Amino acid sequence: MTLFRAAFGAVLLVASIDQTALATTQNVIFNGTIAPTCTLVVATNGTMTVSPDLQSLSSHNSGGSAGTVTLTTTGGVSLSVDPVTTTTVPSADSTSTTWTPTYSAAGAHSIVETGSATSISTPGADLVSVHLAGTKGGSNRFANGNYQATVTLRCE
Amino acid sequence: MKHARILATALAVGLAPIAAKAQSMSPMRGEVNSFTDVFAVRVFPANPYDRKIRVEIHVYDQDFQPVDARISPNVFQLASQASRPVLVVVPFGGAAERKVRICTESIPFPNQQTQIRAQICGKFFGRRKS
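Those protein sequence lines, which keep their order, are chains Z and D. Take the first sequence: its position 129, counting from 1, is numbered 129 in the working numbering, and each next residue is one higher. Take the second sequence: its position 114, counting from 1, is numbered 114 in the working numbering, and each next residue is one higher.
In isolation and in its complexed conformation, chain Z is listed as follows (with noise of 0.2 Å):
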């Protein structure tokens, strides 16, 4: 009778060492949603300058330089400039002028100088260049003084 014990105890073990546990995965779904985003960080304001016939005040005339922004954007954005609407202009000038504000962006996406909105598709930062050139024509000139002008530059 031990002996019988004995062996069907020995049988039971071998038994439950035989059985393998039963492993499972399960996946665990991640998801996230990114709406586009976009940021505009102003470097530096621009500068004009007067050109040699009096009849140009622009950013690209010697000396002047553009404001500088930094975008960064997740893509499906677009980036334009409005019309100047707000400038101050010495006393002396009382004639009309021009302004045309463009800009151009390096990095990520090339834009050529423009001043129509473009289509940004893609993730990625540029540095923006803003240049304003404010034009007189006939016998219209630039004043002396001081002039000031805001371009606005748009991500929408």
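Hint data in this document are derived by calculation from the structure and do not stem from the laboratory. Wrong hints could be hidden among the right ones.
Said to hold, decoys possible - Going by beta-carbon spacing under 7 Å, a handful of chain Z positions derived as facing chain D:
hint, residue
1, T25
2, I29
3, M48
4, V130
5, L132
6, C155
Said to hold, decoys possible - Label pairs and their in silico Cβ distance ranges:
hint, chain 1, residue 1, chain 2, residue 2, range
7, Z, N140, D, R54, 51 to 61 Å
8, Z, A35, D, L87, 13 to 23 Å
9, Z, F30, D, D68, 40 to 50 Å
10, Z, S139, D, R127, 48 to 58 Å
11, Z, T100, D, R54, 25 to 35 Å
12, Z, P90, D, F125, 43 to 53 Å
13, Z, S96, D, E31, 41 to 51 Å
Claimed, not checked - Stretch by stretch, here's where chain D covers chain Z in the computed footprint (C-beta under 8 Å, at least three residues):
hint, segment
14, 36 to 42
15, 136 to 148
The structure displayed is predicted, hence computed values, not measured ones. All C-beta atoms in this analysis are idealised placements derived from N, C-alpha and C, irrespective of residue type, glycine included.
Dock chain D against the given chain Z, drawing on the hints supplied.
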């Protein structure tokens, strides 16, 4: 009562943007269903600069004409790297739906010869449910 309805609308729209640093405004897209004659959007302008800036919030229609919306607050100072919520309540004006742009504007370096105004605009679509 009217304020309560507007507030309820604002809460009901469920626009729950995730304010993030280094963004000028979030969200930049959104659709809102409203059961009242207004719809509300909560946006989060942010200041990515290392100094305080003055921020203005404006609401425009599709042709960039100003919209008579209630903006709280519409002008404020924002500390460096900070973000804050702004509640915009837009009237439908009798229409069944309305598309607006909500724009965050700032001139970080004022009083210079050629200033650059950075403008981040989000596009939002409100739909009135009956």
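Status of each hint after checking the structure:
Below 7 Å, beta-carbon pairs count as interface contacts, and T25 (chain Z) has none with chain D, the closest being about 31 Å; its hint is therefore violated. Hint on I29 (chain Z) is violated. Least Cβ distance to chain D is approximately 20 Å, over the 7 Å limit. Given hint, M48 (chain Z) at the interface with chain D, holds; its Cβ is 6 Å from that chain's nearest Cβ, closer than 7 Å. Among the interface hints, the one on V130 (chain Z) holds; its C-beta lies about 6 Å from the nearest C-beta in chain D, closer than the 7 Å criterion.
A distance limit of 7 Å between C-beta atoms decides the matter here; for L132 (chain Z) the minimum to chain D is near 5 Å, and the interface restraint holds. Contact between C155 (chain Z) and chain D, as hinted, is supported at the beta carbon level, the nearest pair being about 5 Å apart and thus within 7 Å. Take N140 (chain Z) and R54 (chain D): their Cβ atoms lie about 35 Å apart, and the range 51 to 61 Å is violated. Distance hint check: the CB atoms of A35 (chain Z) and L87 (chain D) are about 19 Å apart, consistent with the given range 13 to 23 Å.
Between F30 (chain Z) and D68 (chain D), the C-beta spacing of about 43 Å keeps the proposed range 40 to 50 Å intact. Between S139 (chain Z) and R127 (chain D) the Cβ separation comes to about 57 Å, which falls inside the hinted range of 48 to 58 Å. A hinted range of 25 to 35 Å holds for the C-beta pair T100 (chain Z) and R54 (chain D), which are about 27 Å apart. For P90 (chain Z) paired with F125 (chain D), a C-beta distance near 46 Å keeps the hint of 43 to 53 Å intact.
For S96 (chain Z) paired with E31 (chain D), a C-beta distance near 44 Å keeps the hint of 41 to 51 Å intact. A count of 7 residues in the segment 36 to 42 of chain Z with a Cβ less than 8 Å from any Cβ of chain D is obtained; the coverage claim is therefore met, three being the minimum. By the rule of at least three residues with a Cβ nearer than 8 Å to a Cβ of chain D, the coverage given for the segment 136 to 148 of chain Z holds, with 3 such residues.
In terms of the numbered hints stated before, the structure departs from hints 1, 2, 7, listed from lowest to highest.
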